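**Q** Okay, here's what each chain looks like letter by letter:
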Amino acid sequence: MRGWHVFLAGVASLCAPAMALEVGQGAPEFTAERLDAAQPVHLSEQHGRVVLVDFWASWCGPCRQSLPLYQKLRDSLGSRGFSLIAVNVDMRVRDGQRLLQSMQLDALMNAAVQDSDGKIATLFGVQAMPSSYLIDRHGVVRSMHIGFKPSDIGALRASISQLLDEK
Amino acid sequence: MKIIMLRFSAALAALLLAACSLTPPAAWQRGNLAQPIMAWNPDGPGAAARDHTYISKEAAAGGASAAGGGCGCR
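Order-wise, the sequence lines are chains A and B. Here the working numbering is used: the first residue of the first sequence is 401, the next is one more, and so on. Here the working numbering is used: the first residue of the second sequence is 9, the next is one more, and so on.
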């Protein structure tokens with residue numbers, strides 16, 4: 401009889417949607433290969449810094465708008481303790497690399513990581529592309545943003561600055 | 009024996025039903041759907057010209073499209 405219950409639970413679990421991460425929860429730990437094939441990135445290594453985890457893909461129009469602006473944020477706020485982890489979800493890693501090269505964003509290559517099998521996206525429960533998660537110095541998700549338009553960057557910069565001022 | 013057959017039938021029915029279910033692709037799995045060949049109408053200008061002709065002939069517009077689709081971007 402117990403086996404029967406396990407079977408039913410298994411069938412039910414196939415139908416269950418992925419659990420989405422919520423504001424106030426700790427960010428899930430992950431390790432990912434960088435797009436430039438250098439050292440893997442561990443989220444835990446960023447503890448003590450404010451981190452923006454952004455999920456993007458080469459086929460996603462708003463992502464193309466966001467990446468140059470995120471790179472500017474990184475340039476201007478990096479010295480204050482801001483880090484960007486740009487998680488590329490392209491099934492073919494080459495597509496993500498090619499997009500960064502074509503947009504002359506080679507500098508972003510060392511912040512871009514591969515998630516071609518969607519493991520990190522599943523951990524975060526990504527609902528739409530692009531999605532970004534702002535994580536404070538203690539590893540807690542403080543805000544999340546779905547979609548992107550260039551006018552969003554001002555509010556994002558303000559949120560990051562606020563978190564950078566927190567100890 | 010009858011109970012075993014009943015359970016087997018129920019399990020088979022559950023499996024068949026599961027096979028019929030349609031799980032939409034996750035947001036990050038829509039790369040192939042976003043390719044131009046997957047567009048509902050791959051010939052945009054041609055479709056616009058046909059729509060224009062249709063609207064002129066029928067004196068009515070709309071009703072030829074549906075919501076949804078695309079790459080999942082907002």
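It is worth saying that the hints were derived from the structure and are not from the lab. Do not rely on the hints blindly, as some may be mistaken.
[Unchecked claim] Looking from chain B toward chain A, a few residues come up when the C-beta cut is under 7 Å (computed): (1) F16; (2) A35; (3) G39; (4) A42.
Only a predicted model underlies this, so the values are computations on that prediction, with no experimental measurement involved. Even for Gly, the Cβ is constructed at its ideal location relative to N, Cα and C.
**Q** Holds or violated: is there a CB of chain A closer than 7 Å to the CB of A35(B)?
**A** holds (5 Å)
**Q** Does G39(B) hold up as a contact with chain A if the rule is Cβ-Cβ below 7 Å?
**A** holds (5 Å)
**Q** Regarding the hint that A42(B) lies at the interface with chain A, is the smallest CB-CB distance below 7 Å?
**A** holds (4 Å)
**Q** Any CB of chain A closer than 7 Å to the CB of F16(B)?
**A** The hint is violated - F16(B) has no Cβ within 7 Å of chain A, the shortest such distance being about 11 Å.
The structure fails hint 1 only (numbered hints given earlier).
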